[in-house]
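A.B. asks: One line per chain: the protein sequences are A and B, in this order. Okay, so the first sequence: first residue is 5 according to this note's numbering, each after it adds one. Okay, so the second sequence: first residue is 4 according to this note's numbering, each after it adds one.
Quick caveat, the hints were computed from the structure, so don't treat them as lab data. Treat each hint with caution, since some may be false.
As the list claims (entries may be wrong) - Within a straight-line C-alpha distance of at most 27 angstroms, the following computed DSSO-like cross-link-like pairs (lysine-lysine) qualify:
1. A:Lys162 x B:Lys334
2. B:Lys458 x A:Lys273
3. A:Lys292 x A:Lys168
4. A:Lys292 x B:Lys436
5. B:Lys436 x A:Lys240
6. B:Lys483 x B:Lys459
7. A:Lys273 x B:Lys459
8. A:Lys292 x A:Lys273
9. B:Lys427 x B:Lys459
10. B:Lys483 x B:Lys334
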Amino acid sequence: MNRRTFVRTGLGATAAAVLGRPSWALPPMAPDRPSLPYDLVAVRGAEPDVLFDRGIEALGGMRAFVRKGARVLVKPNIGWDVTPERAGNTNPRLVRRIIEHCLDAGAREVTVFDHTCDNWQRCYRNSGIEQAVKDAGGVIAPGNSESYYQEVALPRGKSLRDVKEHEVLLAADVFINVPVLKHHSSSRLTLAMKNMMGVVWDRGFWHANDLHRCIADYAAHRKPDLNVVDAYYALKRNGPRGVSTDDVVAMKSQILSADIVAADAAGAKLWGMAPEDVRHIALAAEEKTGRMDLDRLNIKRIAL
Amino acid sequence: MGLGDLKGLRVAAAVVFTAAAAAVFLDPGGWAVTALARPLTSLQFVPALLKAVTVAGIWTAGAVFVLLLTLLFGRVYCSTLCPLGVLQDVVIRLRRRFGRRVRYRYERPPYAVHYGLLYVIVAAFLAGSVWLLDLVEPFSNFGRVLAVLARPPLAALVNGGSYLLGTAGIYALSPVQMHPLVWGAVAGALLFLALVSLLAWHRGRLFCNLLCPTGALLGLAARFSLFRIVIDEHTCLDCGLCERVCKASCIDSTAKRVDMAACVGCFNCLDACPTVGMAYTLSRRGKSGTPPAPVRRGRRRVLAAFAAPLLAGGLAGSDSAARVAAGGVSKRPVTPPGAGGERRFTSACTACHLCVSACPTRVLAPTFLEYGAAGVFQPRMDFHHSYCNYDCTACTAVCPTGALLPLTQDQKKEVQIGTSVFVKDDCIVVAKKTDCGACSEHCPTKAVQMVPYEKKLLIPELDNDLCVGCGACEHACPTKPRKAIYVEANVLHGRARRPAGTTAAPKTDVPEEFPF
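The shape of chain B in the complex, shown without the other chains:
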């Protein structure tokens, strides 16, 4: 294969995968997410790995594929399948076009920090938390940047266009509903985007070899990859061009060594080499790999000493989170169907916001600290803004980590994510002595029924066996500022009884005579 082809192939793959990933998060119509989310995310390494753990090892195919790919070809994943990697390449390209020319220089990758961080992340995960992982995992951060930062302006654009067309009587462009901005989530995504862009602008792919857990994990495999970039001592002119274009700063042109553990497989070096001094080839490992600095015992102890208090702090945060407990609102955040419960959900969700993008009713919302510091940004059900559609399973179908397990429509109807609480004194019927019933009206299972009250009024009555916790009652309740009916989260999801009823054709009863 010609050398130019490799870079071309890499760019083409990157464009295809990143465009698909962007479409999944941004498409206001929701078609992309339905069609593409599963195949796309099954190849996202850390989410696929998490899914392998959460779904008891069935869904390992994607992770195994990426691992094999890396064992064969090095970290080509980082330049093609990883949308955050490609995002950094875009920044790097922008700098090449508009900024001062950058010359990369070989640097010994910051293994200590990188693998130290991975160590803490793995330790936290084993302790039941995705704390830190969700802050640095590339796919999730890419998702948050798009879902939280890019989607709202795009929606505004669509809605503006839809409105203008509407004034001309054309309603072909549907307006899209948006969840109000969650400022903590916006700030978090902005901060991350700024950090990654700055790093990319000044230091190329440093993020991938400093903070990225996927980079660290795949680096372990890439070290042993079959195909490697090697410098041929006989044809090399010692011009150093390869080193200068290496975004990952992993080529030591003087020592004629390429650190495959840090190489992100962009193949720019092959493109830049004026001779045939560089080759991407099946190779014995001799020259090309820098042995990683082994994590020494002493350092390990230091890391453990660091990790323990950090970990403890992170986990404690989830319990000490400030919650509104004034009534009319759930004490804990309500987790989406398929989550199983708060603990299971928060220990596996990397807050990629794919479910938030897929949710047609926009009831799934970004959070900031609602779950506590350890669960920062993990989505919750926001019934003040909307409610969960009884027949919809969109979020459960797209979750890439298995934090939400896939549910069929029938299964979902038996999942109880919370139960209704009726605050009688706040109810319109009691407070104003007029009919209301908005809660019962919206309830899909009639867990909220209207029963006789004073005079000819009707008042809500709950049968929480039937309640799925969809939040329709809470959403519809017109009392302000506190809702007279609300859903209290099931910290461990329960089971709802299916309401009686068949799907048989309605029975016919045409009146003999009109009663008037």
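So that you can see chain A by itself, here it is in the shape it has in the complex:
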């Protein structure tokens, strides 16, 4: 993020707050892409970085998403102070590989952050993600200070009317959402849509005001350009934090899709749950944020 975009978004947010007409202050949408070869790619049977190499290749390579000079946000789940094999957070090897692909594609800057639940410094460190980001040449930004968040309106939100979004998201040209496949005590499963709770400040409001509704509202408002569901390790119970590695299964799989609802529907099935039983997936599909009718989608399945 440079100073100009900062001032621009800052002015936008200020003006939005003052004028109450925020449409022009909304974050820049991703540039229109030529249509992708597949609606969804599912890969299984290899290490996280290899899964991603093959998956992104099938989608036409990272250049289909990241243009030269683009500012990229890679948003993994770094919510918990647990180690990678506990599957509480996105696999650091995947995060690293995604950043490398973005930089290869000519990204000017790749930033990673999460508004963590546990103490953020411990989460960043013990998840292995901080190190992975540094090794890959990305920037790791803190997400646990309200000063980074700016108010954005959701004019079409049914329950969620406004949120405070992290400035890195506001300034990003490309948003790559990288959840990990987990059981979740609040939302049943946590996948791509749920993972976006980590880019806003006040999550308590979501919990107190129809959680599923809020998750669907936010997904309609801010669709990532690419969703990568990390199912290398999947958390089968006691989610989202997990209690021990007994709760984890190594599925060695990955799902990639530009359609956040499709990614979540496929993730749910992979985990062993019908997508329509996860209310926010059903709501988002109903509102055409994306599609959960997987049998009608053009899916590439890769076994390694």
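Chain B: place on chain A using the hints.
C.D. replies: For chain B alone, coordinates are given in the frame of chain A:
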């Protein structure tokens, strides 16, 4: 050894120890506290002494060392190892630079008040309270001044810098989390700082010979110290310079006597003496010590008469403390892991706030009267602001008095500082008929599980055997203003069952086919 060297040595030692002490309390990254807290605090006399008592006599090394040091060299502790002593020296130096010139004059130290106070403090301690001790103990007060007064503005500075750098896309400077100010604690620290600064500005090291319990205790030993400051009658010019520069007002230049019980070992007098009339040397005790006014019987009775009601008042305060009992909040303050329980904790914690500074989640918070008047300023767990990290043992590792006993990660996971209480009617799931589960989500042991409720909703269910009282559920609960789930303090810490589970590598189960 040359005379100038002694003062130089004293100043150098003071700078090193005080800088380390300040770093321990202020370092926003938390490195200093991890690296330095233990060696530094093991040499803090009263905390080390308390630890010798609380940890059943194993950790006496630091206290014994300080005692031996004093028996050898007098109260050099007060000018080097004691950060509050050095803080007073800074004020004294400021006065020398900016204020009207001060000339100290010999005064018979106010032994009656000083040792009377020590008597009351010891009596209170034997009765199971650190009442009064925590108000005057130098290390703890130094800690509170830094933790409560200096740390927040420093954090604001760091956060401001971090924010500005962030606008340029540089995130190298991490923002630091702060607990909201506790105004009673702020007022207390301010009051103390004002008192000590005023005393230092006008009367030098009077605090050390009037209120300081460490000064009183070490004074007893210093009286018999081997090395002493003596005035040589033959070479002394009767110029009185030594008396004029004596911050502790313990040199009677007319009588040519130095009261080693009150001397804080700054060696300014040696520096000031124009001849070789003063020496710091192995000495027979003859001239240099003023025998302390022995506490006479009659006075003792008077003191006892004073102490008893004061003591009673102080202790009663802990029971009659005003507590919010409206629900949604613990009736008693939640004590940190390693405390054992409220009584044990409050009888040994001098509220130095080292644990508060070391706590990475900022769940440990200063208090004012939450524990009652006898436990003023002793820290508590504030789950409205944050929660205790399941894998963290930082506070237990740094406590200098043993009020918090060291715990390993495994031990800590079995300590139950409180248990969860679920107020069903206040829960989002019941009140709004929508999914929530924030409590269960944050629970590290799944003592809070979500179980089927009406329709397809899930509702929290407690298994308090598994609860460690970390407060994650209370912190995450989104209901306002009352929390629908909260931690009720265990006045006596209990034992939590470890959740089942191994650390073996996850089992592999790659799907044969994708189910879509």
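A.B. asks: All hints, please: hold or fail.
C.D. replies: Tested hints:
Of the pairs offered as hints, the one joining A:Lys162 and B:Lys334 is violated, with about 39 angstroms between alpha carbons and a cut-off of 27 angstroms exceeded. A distance of roughly 22 angstroms separates the Cα atoms of B:Lys458 and A:Lys273; the hinted pair therefore holds under the 27 angstroms criterion. For the proposed pair A:Lys292 and A:Lys168, the alpha carbon gap of about 24 angstroms is at most 27 angstroms, so the pair holds. Only pairs whose Cα atoms come within 27 angstroms are accepted, and A:Lys292 paired with B:Lys436 is accepted, the gap being roughly 25 angstroms.
Among the hinted pairs, B:Lys436 with A:Lys240 is consistent with the structure: their alpha-carbon atoms are about 26 angstroms apart, no more than 27 angstroms. With a CA separation close to 25 angstroms, the supplied pair B:Lys483 and B:Lys459 stays within the 27 angstroms bound. A hinted pair counts as satisfied when its Cα atoms are at most 27 angstroms apart, and A:Lys273 with B:Lys459 qualifies at roughly 19 angstroms. Restraint check for A:Lys292 and A:Lys273: satisfied, since their Cα atoms lie roughly 19 angstroms apart, inside the 27 angstroms limit.
The suggested pairing of B:Lys427 with B:Lys459 holds, with an alpha-carbon distance near 17 angstroms, which does not exceed 27 angstroms. For the proposed pair B:Lys483 and B:Lys334, the alpha carbon gap of about 18 angstroms is at most 27 angstroms, so the pair holds.
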